[in-house]
Structures are given as structure tokens and as C-alpha cells.
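Asks: As given, the protein sequences belong to chains A and B, one line each in that order.
Under the working numbering, the first residue of the first sequence carries the number 7, and numbering increases by one thereafter.
Under the working numbering, the first residue of the second sequence carries the number 92, and numbering increases by one thereafter.
Simulated coverage check for chain B against chain A, where a stretch passes if three residues somewhere in it have a Cβ under 8 Å from a Cβ of chain A:
1) 166–173
2) 201–214
3) 369–377
By construction, these hints were calculated from the structure, which means they are not laboratory data.
Even for Gly, the Cβ is constructed at its ideal location relative to N, Cα and C.
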Amino acid sequence: MSKKFLLIFSVCFIAVAGIVVACGDGGYYDDYESSSFAPEAFVNSDYSPFFFTSSTTYYNGYYMDDSNTRYNYLVVSEWNSWFDNQVDTASLKTLLIKATAGNIDSASRYYNGKRNVLPAGLPDLKKSKANKKKVNAFFDYLLLAKECEVYSVGSGDYWSYEKAPVKEVPQALERTLMQAVNQAKDPFIKERLWFQMVRYYYFKQRQHAADPTKTDVPLPAYFTKEGASFPKNMIYYRALGYLAGYYYQKGEYAQANYLYSLCYNYSFEMKIPSRWSFHPQNEQDWMETLNLAKTGKEKITLWHMLGSRSDEARAIKEIYAIDPQSEKLDLLLSRLVNVREAEGQASKDTSATSKTKRVETANERTLVSKIANEDKTLKPYYWSMAAGYLNSLSGNYTIARTFYGKAEKQLPKNDTLVMAQYEAEMVNR
Amino acid sequence: MRQKMLFLGLILIILITCCITGCKKKISTSNSAFYYWKTIFSLDKPQAALLKDAAANQLYLRLFDVIWDEQQKDVRPNAIISINQDIHQFHIVPVIYITNRAFEKLSPDQIVPLAEKINKLINDITTQNKISYQRVQIDCDWTTGTKNRYFAFLKAFKQLNKKQLEATIRLHQIKYADRTGVPPVDKGVLMFYNMGKVSANLKQRNSIYNTTDAAKYVKYLPLYQLPLDIALPLFSWAIHIREGKVIQIYVKIGQQELSDRTNFRQTGQPNVYQANKSFYLGGIYIKENDLFKFETVNPKLLDQAASQLSKHLAHLEKRNIIYYELSTNAASALEAKDVKEVSAHF
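All chains, full assembly: derive it from the sequences and hints.
Replies: This is how it looks when you write it as C-alpha cells:
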């Protein structure tokens, strides 16, 4: 490793530390940093919104934080599959996402010959080759679903104000929905109606929360009783998210956070809202959450969520002890390295950096080096490179060189991103 | 002898007169009031009692914040108040907090629309909650860079809202009034706190209030071009320090939490505590060895602040002394008479 390389390492990674602008009633941080350790090379892109960034909530300006529209694309494609592609996605999008209850009623009547003219802008399903029974079941479902949107979909206008903290959830709808679930034969529609029922109870409970004289809704019991028979698919986990929200409203944080972690683990689409909602309050409820985990894998997800929000090193230690092969370690390691890099560590730990910082960085290096040396993880080269990088950040160049040498032998030669990352770090050797 | 008696009598009369006039306390005409800053408005009994007894139900109620939404690239309200109890008995001044960043990002053609939206939202909230109000207070820590846009906003807002308009004034805006300008409002409210540096330096002076930092600003007060009400601190906070850097400030972490020896140990500094382990506390994740610097304003310090400040203010009848804020532990530790005593300085 040449001296030139050392110089570049020690200069480039001294980031400008954030300046706190404190004014009691607000404040923000301004950070400027550049990274030479790209998470993209090592971590599954499903986790990309959570790659470390200090200035925005989600990495790369990732914007998936609109609760009203988050699942629209999925909803359309699920119905499209159910129709065996016989109804095009544009028509489905119009009916599912844009149309009002009145629109659906008109479209349904037109489809069944009870109305002569189809209102402008609505798709003509008579022209599709879809099974007639299915189309009618779809319209029946949609009519009910649109009724549920009254309380479940926000106005989307930040500047609007309604004194009632939650919208009225119509009492009569409970019976209508319940009947519809019980009578539905098609499992796809039955599960969606069950989802509507779960969501109904969630919003009913929210409305009750503003009025303590009202009684509890039977959501957990209903969820368990009916939910057991359904496939554990997207709509199931979305319903599970509402069950978690129900517990959260009641202050049962241990249950809520456990269920959010199951949602987080289920799919990419659920990761942002689940992580956003995951809020352990005190050590006691966090311990209870860990105890609720039924398997090592579930426990790993919980530690991973704690780690990516608050404490990467602690979570790595815990997860590694449960399963060193877990892919949930990857995001944490990239964050640990990128956070440390952004801290702007001095080249030598003996410098004027604070004692806690010295202890903390030493602990991190020991942890990552130990794991890199044990070669038990899924991506040994990743750990070796991270150990090399952390050591070079701290000015331990000899050790760094050893780890890079180790990494070189472990590299997956056909992975262009990893190779590019390795070469980027070696370019000045 | 007679002359001597007359002389003594005269001296006695003079002494008595001096005593009467000299000892006569200046009668304060100030009014006390409280801020309420939380998102959910719900007063418990002691808070309601303090508001009534100390401040005759004068309440400066934060209705919402206005922030810059980085993702939407637009201004929007945030943390709109949720009012869960009957509020009609209180004399309310709506307060709107606007981040300076909002004005940094706002283009000039967005200023009037912003004034319209804020005015509408204030009126929607007040109407639906049966609040009648005579004044609006805008809180914004504007700078030389945002002065023009902020002042244009204030003018536009006043034109729409038509009620009395007041704006908060921070100490640096008093000292550098020639640069930051004087906002076009009917009245200013001097925020007499947050004057020191929020710092990871454990020996730094109390950032909420300390006489040394205050002294750097108060001498400019008599020259300020607006009548000033006063906002005084009634809160404490814990400054969260990690690896030598301030990472957050928490109002909800107080002496009680920090005195829990299973979680924290006291350091050599009496107001600094160190975490024994990594753990969650009240929704906050604390790492082993994190430091918490506790800062507070007790009644004695508050009295000192009032005494220091009142000497430098231009005369104003019925000055409002607003305490920030009603829901804090610091407020619940006070009695109505303590508040009245502090306000009596003005």
C-alpha cells in the first residue's frame, strides 16, 4: 500500500461533521459526506431505502411514503392475475383506484344491461373476455370496498382540518361486511373481504379510542379465527399490519412491534411502513417483543430492525450469535461502516477524538474483524473488505492490508458490482 | 430649644415622606399567560388550575407548524393540534410556528398562497372549536437571508386575517436588528431563552438561560422598534450526547428518569448523567455510555431572568408575560403566586 493511498484514505474520509442548529422548537442537521463504501455492492436492494443517509429519511430520495397509494400497483396486478389477464391493467386501475362508488354502480349496471350508457372515462368490460361471474363478483366486491374507503383513505390534503380526529366508521357496515365474508365462495374475494373486515375493526377501534366509553372491538379474535385458513400472502400481511396497529393504539407495544416485524420481513413493499411503525417504548416491552418471536429467524428480524434504526453493532452481535449466515446482517454492516465513515474519524485513534468515540470505534473494529476472521458468514469477502476499510479509517494500515488480501481471495469474480467496489478501494494501491 | 424641636420635627417629616415614597413599590400592570405547545390539547386539573389562577386563562395555543416537505417540494402544515376538551373558557391567541427553512425554500410567488392557506387553516381550526380570537402570533427564527420573504408573508397574512398580528423575536434579532430587520407586525414577543450554545461541552453555561449570555443582548433592548411582550422559560431538557456530539434534545427526559440508577450513573458534573447500558426509554434508544446533560430553569433562576430583563425594557402598559410552557414538569412545580411574583418585575 503506497503512501499516496494512505494519504487519500486519511483525507477523503474526514467528512464535515454535522452542525446542530438548536432553537428549542425545532432544529435540523446539515451533513455533507461522501462514501467510498457502497452498500449497493453487498446488500440486497430490498433494503435500499434503509442504506445510511443522514439528510433524508430514505436513501436515494426513495419515496414510498404515501399510505394512500403505496399498494395500488400490487392491487391492480393481483386482480389482473385473478382475471387471468382478461381485463387489462389500465381498466382495472380506473375501476379499482380512481372510480367512485357511483361509478362502479353505473359500470356494473351497464355491464348487466340495466343501463344504456356507460359514463365517460369508465372502461367497458363487456368487451373483455373475462368470465361474467367473475366480473359481477368483482363489481360486488368493489361496491363494498369503495364504501370502506370513506373512513380508511385520507383526504391527502395536508391543509384540510377536521375536528373529529377520525372519521365516522358506519355501524351498519359491520354486519354487511360480515355477511359478505361468510357468503363469499371465491377464496381470492373472501380473503379481500376479510381484509376489509379487519380494517373496519381497526378504524372502529381508532374511533373508539377518542371516546373511552365505547367498548373494544373483537379484532384479535376475528383475525385469528378467520385468518388461519387464508394463504399467507400480501393481503394477509396487510391485514396483519392493521392488527399490529390495533395493538399499538391500545398501548400494547410488545405485540404491535412483533407483528410489524413479521410484516417487515414479508415483502419489500411492506418494509417502509413497517419500519416506520416499529417503535419499542421501554426496555420491558422490547424484551417482551423478543420473547414473542417463535423462531431464531423472527428474533433476527427484530434485532435487525433495532439495529438499522439505532444500534448496528449490538444487533450484529446478537444476530451473528443466532445465525452467522443470516442475510439480515448485510444491511447492518453497510450501515455500521457508512455511519462511522460519516462521523469523520481522525486517522489515528490516539488523536483528540473523544474517549467514548475511541472506545466505540475500537469495539466496532474488533467485532467486524472477528467475524471476518471466522469466515462463517454468507459473504466472507464483504466482512473482510469492511474490516479492511474500518481499519484503514482508523489508521491501522497494516491490519487493513491483511484484510484486503484476505478479501481478494474470497471475491466472487463474476459479481461485477463487488469487483468494482474492490477495485475502487484498491485503485491507489 | 424650640428651634431645635422644629428642626428635629422637620427631619422626621422628611424621613417619613422619603420612606413612604421611596419604599412604595412600582405597581406592575403586566399580565401573565402560558404557551401550550403539545399536539394534543388536554389539560389535567393542576394545569387548568395554574392557568386559571396564575394567568386568568390567557393561553397562547400552538395550532400547527409549517414545514418544508423535502419530498413534496412544498410547504405543508405539521403536527396540527388535536383538541380533546372544551376550550371555550380560555382566552386564546393562536400561535403558528413556521420553520426558517420553509422561507429558505419558498419561491416569492408562493408567499401569498401560503398566507392564504395558513389563514384558512387557522380559521378552520378556531371555528370548528368555537375559539374566538383577537390576535395571531407567528413564531419563526428568520435570518437576513429569509427576511424579505418572511416580512412579505407577514404583510400578506395581516391583510387577509385582519386581526392584530404579533411575531416572536429572538435575542439575536434584537442585537442585529439593523441586519435582520424589524418585522411588520403590531407587536413583538421577545423570547428570553435559548440564548446559550447547545453544546457537547459538559461545562458550557445553561443554554436555556444564563446571566452572562443574556447580558450580551439586553443592552440593545431599549432601542428596539417594536413594543415587546415577553416569553419566559418554564421548561427543562436533556441534551443527548454521543461520542462527543449533541445528537438530540429531549424535553420528556427529566430529573426523575436520569436519577434512575439502574439506567444512569451521575458523572463528576452534577447535571450530567451517563448511560450504564443500551436500552429503550420512553421510545428513545439510548446507547451505553451516552451522556445526558440536564438543563432547567428553577423559580430562583426565573426570577433572576425577569429581574435582569425588566431593567432594560422600554415602558409598556399591560405587557404580556408568557411562560413557555404549561405542560412541562417545570410548570407543574410552580404555584400561581410564584408566577405572579415573576411577572411583577414587569
